[in-house]
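Peer 1: One-letter residues, chain by chain:
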Amino acid sequence: MSCCAPGAEMALDLVGATSVLPSSQEIRLASRSLGDDLRQTDLSVPTVHCGACIQTIETALGKLDHVEAARVNLSTKRVSVRWRGDEVPPFVTVLERLGYQAHLFETEIDAKDKTLSELIRAVAVAGFAAGNIMLLSVSVWSGAEGATRDLFHWVSALIAIPALAFAGGIFFRSAWNALRHGRMNMDVPIAVGVSLAYAMSLYETINHGDHAYFDASVSLLFFLLIGRTLDHVMRERARTAVKGLSQLAARGAMVLRADGARDYLPVGEIEPEMLLLIAAGDRIPVDGEIIQGASDLDCSLVSGESNPRSVTPGEPVQAGVLNFTGSLTIKATAAAKDSFLAEMVRMMEAAEGGRAHYRRIADRVSALYAPVVHLTAFVTFLGWMAATGDWHRAMTIAIAVLIITCPCALGLAVPIVQVVAARRLFENGIMVKDGSAMERLATIDAAVFDKTGTLTLGKPRLVNASSIDPAMLAIAADMAAHSRHPFSRAIAGFAAPGGQRKFDAVTEHPGFGIEAAAAGNIWRLGRRGWAGWKARTGGEGRHGYGGTVLTKDGIIVATFDFEDAPRADARAAIERLNDAGVSVRMLSGDTAAACGEVSKMLGIDDFIPCLLPSGKVECIETLAREGQRVLMVGDGLNDTPALSVAHVSIAPATAADIGRNAADFVFLRESLAAVPLALDVSRKAGSLIRQNIAIAIVYNAVAVPIAILGHVTPLIAAIAMSASSLLVIGNALRLQGFVSNGQAQSSRQDGRHGISSQLAQPR
Amino acid sequence: MTTLSYLIPVALFLGALGLGGFLWALRSGQYEDLDGAAERILIDGDDKPQG
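Here the protein sequences line up with chains A and B, keeping their order.
Each residue of the first sequence is one higher than the last, beginning at 8 in my numbering.
Each residue of the second sequence is one higher than the last, beginning at 2 in my numbering.
Pulled out of the complex, with its shape left as it was, chain A reads as follows (with noise of 0.2 angstroms):
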């Protein structure tokens, strides 16, 4: 429909190189049953955004027969499809037909994000009891006394209940779980403070005292709650964001019995020697041997090679790797948990050690702070009873210290800054997975960069196209158009505006090109020495006898060359991190020759070419030995491992599924500006976390000391507190204020539109 078809058809040429439509079996295979015949189908359609396209696509699919309902989620981008029946309706090539790529996902059993609701509910509770308890403490503030003064305690007290149950639950679990474990966090002294304010609140009521703390405990767990509950939604909106993405491997296979029967197994069933049939644009499974058939395979994802390989029967072949032109019968080596991909989760886990040291900035300061503030209000106890011998003031004051130092401020000081920062990111395209992340990297100063998928886009580009005879390309793209062949997919582009031209027959011979008759004649576009029969010498290209060319009845007519083309601005941000102080390296399993030139182009002095996956982690180590924080950026399956043992990694979202998993920060746009973004914003939140956490001290400095002299009121705490707490806060949106030029004003509508918008022109 007319707003989205601009960036819905963009999506069709981006992603399409990568991914394709899920088969019938495997749709079936990744549906849940809802009983009673009913199954549900989710389907994560990336290019939804807007309510015409709502409609379009539940309309469409609601006609479709055994369809019983769909459902358009735009907040994730999904859509819920229930169907009857044994047969698979088409939905996913009816909604290919209006313009959206859909991709398959895991169905969660229980989709609801249970700890979501759970903080929801309890940030409402807690708001609740905290507004209503506020308005009798300031009628008790303003004078009430007597009978009055103590019927608002009681009352308060009783709202207080379910707040301290329900909401204040939540710290109390976490707070055993650290004492449990010997530990120490934040959440111990805000329980402490809680129960204790409470307990000593519920007896001066019964004593009909004039000093209750029911609106400091209750209003302490409106705040936090607030705070937890925007963190949580930041990281649980990336994360959606992320899973929403292709699927890139396989989940099942066609499966070729003795007997000649075919299965379509999941890839958990597939054992070694059984014979898989994978057709063009499938990934293949499980390692295996080829038995029948040729193809050109891409092992970009697998290997970081930019160019496709050719097959033939005997060859191996990985896991993970893309079927792209004929189809193929693979005899499988291995069993999915032995194959390649799982020995690169294996790698990954094994590799995960290295992260685990990192101790989060809130969690050191905290390890200091619950002692200290114990230790003060002890002390402070100690000290009234020694001075005065009267228990129930020392108690009182005691109380008042641990109240007034409650982490309130401090609490939001970290949380505050990195939700505000993650935004920011968000809006420029970058997902965060968690605060840590962030404050990891802000302190790097090496980075890691692969080569294809990362520096470069990991698809070839025609470089010549201006010296070809245009009528030439423009036949070559008519051909091209046939095929999913990356350097066909590159010509294509180059097709002539006015219509396709009519050819009589077209053929594709894996591993060698594309074969058209068209008026007599016989045009070829692929390998040099199998499209130009008869003119085995001229009009040599670059690269001799290899490369592609076209040909007329055996004579080459024009010549193609390629590059991989570097990713957007990968030059300029190269140049953002040398300056901002981070040495630049890339690691390749390319060959020297492709290193050499993208390192040329984008100004890298520093290139190892070849690598396998476990050279690139002894680089990482070598570094991280040598005392450099490496951040790592990669796409590629054999940069999973070297992802999870950097200290922080970034991953575009092209990249493999458990690439995105590994990696901290995945960014949705083509730009590679991304990283230096990233590594600016993260280090001025940094630094703002710095500051907030001087606030929180330089409050505690002024406060401590007239708590311990017993001049804090109920009053006084109230309006401490929510002053510190203003404080912090106000300064974590100045970070907001560093958004200055136009370009963050452009990418703001992009974010909301997430990942359509890397694909949309910019506007």
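It should be emphasised that the hints constitute simulated quantities derived from the structure, not laboratory data.
Fair warning: there could be bad hints in the mix.
Derived SDA-like pairs: lysine to any residue, alpha-carbon spacing no greater than 25 angstroms straight-line [stated by the list, open to error]: (1) LYS121(A) to THR3(B); (2) LYS559(A) to ASN528(A); (3) LYS121(A) to LEU27(B).
Fit chain B to the given chain A structure using the hints.
Peer 2: Quick look at chain B alone, frame taken from chain A:
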């Protein structure tokens, strides 16, 4: 004092009503697709809640 004896319950009741309303909205899935809800108002004939 006597006014308080009914004013406080009334205030708490109204507050609880709001809280209950919010929790109900949360449970019935009205916060699941905030962006979608904003757009759906423009679609004619789509006034049924999520099934």
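Peer 1: Does each hint hold? Answer for all of them.
Peer 2: Status of each hint after checking the structure:
no. : hint                   : verdict
1   : LYS121(A) to THR3(B)   : 44 angstroms, violated
2   : LYS559(A) to ASN528(A) : 7 angstroms, holds
3   : LYS121(A) to LEU27(B)  : 12 angstroms, holds
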